[in-house]
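Number of protein chains: 2
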Amino acid sequence: MLRGILPLAAIAALGLFDPEAANAEQVALTSTVSVKNELKYLLYTPDGYATSTESYPLVIWLHGGDQGGSDIDKVKSSGIPKLIEDGKKFPFLVFSPQNPSEELLYPIEKVDAALEEVASTYRVDRSRIYVIGFSRGGFGAWALAEQFPDKFAAIVPIAGGGNRHYLNRTNEKAAFWVFHGSNDGVIPLSDSVVLYERLKALDRNARLTVLEGVDHSGVEWATLNDAELWDWLLKQRLEGAPQ
Amino acid sequence: MLRGILPLAAIAALGLFDPEAANAEQVALTSTVSVKNELKYLLYTPDGYATSTESYPLVIWLHGGDQGGSDIDKVKSSGIPKLIEDGKKFPFLVFSPQNPSEELLYPIEKVDAALEEVASTYRVDRSRIYVIGFSRGGFGAWALAEQFPDKFAAIVPIAGGGNRHYLNRTNEKAAFWVFHGSNDGVIPLSDSVVLYERLKALDRNARLTVLEGVDHSGVEWATLNDAELWDWLLKQRLEGAPQ
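Chain order of the listed sequences is A and B. 243 is the number that full-length UniProt numbering gives the last residue of the first sequence; the numbers go up by one with no jumps. 243 is the number that full-length UniProt numbering gives the last residue of the second sequence; the numbers go up by one with no jumps.
Hints are computed from structural coordinates only; laboratory data are not their basis. This one's a predicted model, so the numbers in the text were calculated from it and none came from an experiment. Be careful, since some hints might not be right.
[Unchecked claim] Which chain A residues face chain B? A few, computed with CB under 7 Å, are given here:
{"no.": "1", "residue": "33"}
{"no.": "2", "residue": "41"}
{"no.": "3", "residue": "42"}
{"no.": "4", "residue": "43"}
{"no.": "5", "residue": "44"}
{"no.": "6", "residue": "47"}
{"no.": "7", "residue": "205"}
{"no.": "8", "residue": "209"}
{"no.": "9", "residue": "210"}
{"no.": "10", "residue": "211"}
{"no.": "11", "residue": "213"}
[Claimed, not checked] Computed cross-link-like contacts, DSS-like style, restricted to lysine-lysine with a CA-CA straight-line distance of at most 27 Å:
{"no.": "12", "chain 1": "B", "residue 1": "200", "chain 2": "B", "residue 2": "173"}
{"no.": "13", "chain 1": "B", "residue 1": "74", "chain 2": "B", "residue 2": "88"}
{"no.": "14", "chain 1": "A", "residue 1": "88", "chain 2": "A", "residue 2": "36"}
{"no.": "15", "chain 1": "B", "residue 1": "88", "chain 2": "B", "residue 2": "36"}
{"no.": "16", "chain 1": "B", "residue 1": "36", "chain 2": "A", "residue 2": "36"}
{"no.": "17", "chain 1": "B", "residue 1": "89", "chain 2": "B", "residue 2": "74"}
{"no.": "18", "chain 1": "A", "residue 1": "36", "chain 2": "A", "residue 2": "89"}
{"no.": "19", "chain 1": "B", "residue 1": "36", "chain 2": "A", "residue 2": "40"}
{"no.": "20", "chain 1": "B", "residue 1": "40", "chain 2": "A", "residue 2": "36"}
[Stated by the list, open to error] Far from chain B, some chain A residues (derived; all Cβ distances over 10 Å):
{"no.": "21", "residue": "112"}
{"no.": "22", "residue": "126"}
{"no.": "23", "residue": "185"}
The beta-carbon is built from N, C-alpha and C at its ideal position, and this holds for glycine as well.
Turn these sequences into a full structure, and let the hints steer you where they fit.
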């Protein structure tokens, strides 16, 4: 017999206690406890943002493993935030969450919640949200593409890896550009190749750039210094994206 | 120059507006918006639970893709919840969250938050929390082992797959028993083999059972009807688990 916990207590209170009530039961419940978020991030706003009324594209930058933890300044030491610190200008917003763990993968539901907060606080063009990630951030980029498929116009995983079985859940309208070095001794090139080939089999808009002779640490800068990446990225647009 | 948004507004309000203030800036912020949870689940309490004061082991059951969605009764149609509905008794609690998506992977941070709610509401032996998952739930089991390594004494992925690069983040004290059918045409056996071999290379307590001639749908029942699994499972204990 299956009974809820409260009805059982009520029966006992009424003196109608049934010896079977101590027996096994399987009940349906709902958890409404929230997942707390305390995600640190850097936010870059471009020249002219403060004085305009326009919406801007937004790039999510997911750093590699070395910048995880609680010291947000570490995030400035690599990738897009480092380029910005060194004076580079971009014509889009950059949202750079810090993985709170130094060891584990990104908590992507928290990253998504923080992204929603940023996208509703700043003037973001919802049809032009892009994710770029390196290494552990590359795994995060693949995971975001699979788990929140309706949000990203383009996904750029650099030296990452992921779950090929769920690539069929990614958005048919999204564009993928995958980068990997041929001499990567940390995450093998084959990880990107498997995912890329699966995307092509699914008839997705996907391209793969293999940087010959480049190792794991080299591929991050080689990719971000490729001017063609930025030209390509800003042309991507997700028609019908949620506003 | 880097400035926070509020100081900039304050400067403007004071009439000290600096033309440079409209320039690009990169600021550090923190997102405190919570991730809402409305995770449905089944909870099984064993014979004697209601009248005892003991703590019990807890099994997390992660169903395969077919039971996802919002109809909680679907979760009763497979796996451990189905065995319970059919009258089988277990000497442990069973927490069976429903994947709210019919297509995507489990939202594992929400699953973890609901697990914490259950473990603090019921009398759960924290050193004996186990996760068993089939197919998409097998992917969930591997993901939980990697992302919440301090919680599970044993992990049993059935016909799943996952991320071999982060297996070094799993708990050295946890035990793994991996099941897969040799005739699986949905998730290939090699997915489990790769993960198992990586665990062995990491010197983890891991075993692999390949069910000869068994296909994807057959491996769920073959595993759950293996009496040795339950004997083995209940012996696993995570010393020093958080209470």
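Worksheet item: Looking at the structure, which of the earlier hints fail to hold?
Response: 7, 8, 9, 10, 11, 14, 15, 18, 21
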